[in-house]
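Visitor: Below are the chains, spelled out letter by letter.
There are 2 protein chains.
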Amino acid sequence: MNVTLSTGPTGIGTRSARAHLRPGDQPVRPIPGLYWHPVAEPEPTVYEELDRRLKRWAVDDIALFPPEWEEQFDSFGTGRYMCLTYPDAASLEHLEAAGQLMVAENAVDDCYCEDHGGSPHGLGARLLMAHSALERPHSIAPYEQQWQDKLESEAPCRAYRSSMESFDRISADQVRDREIHDLARLHLGYLAEASWSIDERVPPLSEYLMVRQYNSFRPCLSIVDAVAGYAFPADLHDHSKVQQVIALAALATTLVNDLYSYTKELRSPRPHVNLPTVIGHHDQLPPEEAYDKAITVHNDVMHRFEAESAACLAELPGALTARYLKGIADWVDGDHWWHATNTGRYTLPGWLA
Amino acid sequence: MNVTLSTGPTGIGTRSARAHLRPGDQPVRPIPGLYWHPVAEPEPTVYEELDRRLKRWAVDDIALFPPEWEEQFDSFGTGRYMCLTYPDAASLEHLEAAGQLMVAENAVDDCYCEDHGGSPHGLGARLLMAHSALERPHSIAPYEQQWQDKLESEAPCRAYRSSMESFDRISADQVRDREIHDLARLHLGYLAEASWSIDERVPPLSEYLMVRQYNSFRPCLSIVDAVAGYAFPADLHDHSKVQQVIALAALATTLVNDLYSYTKELRSPRPHVNLPTVIGHHDQLPPEEAYDKAITVHNDVMHRFEAESAACLAELPGALTARYLKGIADWVDGDHWWHATNTGRYTLPGWLA
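If you're matching them up, the sequences are chains V and X in order. Everything in the first sequence is counted per the numbering used here, starting at 1 for the first residue and increasing by one. Everything in the second sequence is counted per the numbering used here, starting at 1001 for the first residue and increasing by one.
Watch out, some of these pointers could steer you wrong.
[As the list claims (entries may be wrong)] DSBU-like mimics (lysine-lysine), calculated; alpha carbons at most 30 Å apart, straight line:
| no. | chain 1 | residue 1 | chain 2 | residue 2 |
| --- | --- | --- | --- | --- |
| 1 | X | Lys1264 | V | Lys293 |
| 2 | X | Lys1241 | X | Lys1264 |
| 3 | V | Lys241 | V | Lys264 |
| 4 | V | Lys55 | V | Lys150 |
| 5 | V | Lys150 | X | Lys1293 |
| 6 | V | Lys241 | X | Lys1264 |
| 7 | V | Lys150 | X | Lys1241 |
Since the hints were derived computationally from the structure, they do not count as laboratory data.
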């Protein structure tokens, strides 16, 4: 993913929609020509309470960030994001667990991979350290405790450990295992992109699309059952047709992020590889045309996601499958709307005026 | 893992037990002081047939290696390794699927990480390419097919793709998913070790033991049910007590490999981090004492594995749990015996005379 806490070089504390606009950039709104579905706007009282709880957890329980990052944390809109993407949530506690996981994922990305002290160099060791906070590693005294102490000394690792404890309270063991697997996929995706960055390599589009199924929103998507208070059984979840639908949804949502964060990434200190830049590089297209083609690629992925989702339900008919696939589709739609309305974070390129 | 096809700088084609002995080195046999259990020697007619099948697969089906690597392939003893570690196997076809997976894992390690063209540099992109061959990534025409063509052009990726197809025929969907997860763990472990190598960093023992639960034999261990022709259900497998037992078994077997391959790794072109070298570095011990302490660490992990296995069965009593835990213990014992008797591959340090 690339939904980081950072606001780019406009600097910490300058957050506001206008502060992000460069001459020519447009306030965020749905990208013209993008294929998406409308969603209901959630209740502010609900997501404001959720944000209060998440903030209390981040500050009091795990000391996630120094005071100067507070405004960035607040401006991300995690509570509204959760309400938009999990409309079927069983309770505020369920949304809280999902929100903690996303905050933790962003912290790992920011602090280990990206602009808040992260780097593509040495990332393999840092990411496995973080990953080990998701599933307690076992060895022998005194080394097992020494490793736990090391994890507790790192804010992103505390966030992973604590959010997985919360998730454990709302999910079955097999859904916890699924989530850890999806986070392993995410970390493998980060590491592939880190190697591109070190080698200053722009991958061909076929490779880029593969990697964006790993560095993707999959860990958020695949837990729609747990957040809704039920468990989609492993034998259904692991069926190749369901796996295909999840993979396509993960890709579609991640490409939405590429499109909405395009101008933000142009302003970041390190060059970012994203769908428009990959297309522009290999097809030798000017930015407007590359961005246009990226919209088409996204739309084609969305159409395929919807077609395979229908085919999956036909092959595995049943109320549980229908509910899980509906949850995935809801997540996709809510994710788009969060991006299209997060005016404090994103702007559209000027030529879309 | 570090069970590579390579024979070290003695060179391709010089394989024989004697060719590996340096002055002072001892032919392999059980390491004095190591805690292990004896196993029954398998039937040569069975493992020789298995080796014939694996060779035919490697050569005819997936063109895994050039002719000059043939002797190394033969000398690894994959068939006997499989028979020793899966004594409960349901059929030769089941052993074949497990053997293909191990051959494929070794090919990925050799060709992408280690001495047959591998390197710690750029490994993130190569390993995710390989990983994507385990679970077909989905996008849209023509990029999806372009990526499949790329995977088919790479021998280690063909090996992963084909061995997972064989495994799919003998396993439930949820065991396939488990195996892909364990291979993601393996790849994250490789990437952590690659970053140590690039940074020339020797991790503290607590970190080393954590990482060796990822870069470990876990993908071989965890499929003992599938190879025996049954599926240990996800809700049992994903229980934290079972996860603990698997993690400790993965660590114990991997430390056995560290001890038996110690002299082999001393001769490899790049310095290898292993349990005795980590201990020697941080405790400032001469090699003999560091090796001795490494034996103690291994034995302590083994004792903890056995204690937690008994505790696990007490907490989750039942025939399926008992059978699965017995399968894990059998794998641990067979793995030790393969290492202790693979005279073509390993030697012991001279001071163990």
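Visitor: State for each hint whether it applies.
Guide: Each hint tested on the structure:
1. X:Lys1264 / V:Lys293: Violated, at roughly 53 Å.
2. X:Lys1241 / X:Lys1264: Violated, because 35 Å separates the two Cα atoms, which is more than 30 Å.
3. V:Lys241 / V:Lys264: 35 Å, violated
4. V:Lys55 / V:Lys150: 24 Å, holds
5. V:Lys150 / X:Lys1293: Given that 30 Å is the threshold and the Cα spacing comes to 23 Å, the pair holds.
6. V:Lys241 / X:Lys1264: 45 Å, violated
7. V:Lys150 / X:Lys1241: Since the Cα atoms of V:Lys150 and X:Lys1241 sit roughly 23 Å apart, the hinted pair holds (cutoff 30 Å).
Hints 1, 2, 3 and 6 from the earlier list are contradicted by this structure; the remaining hints agree with it.
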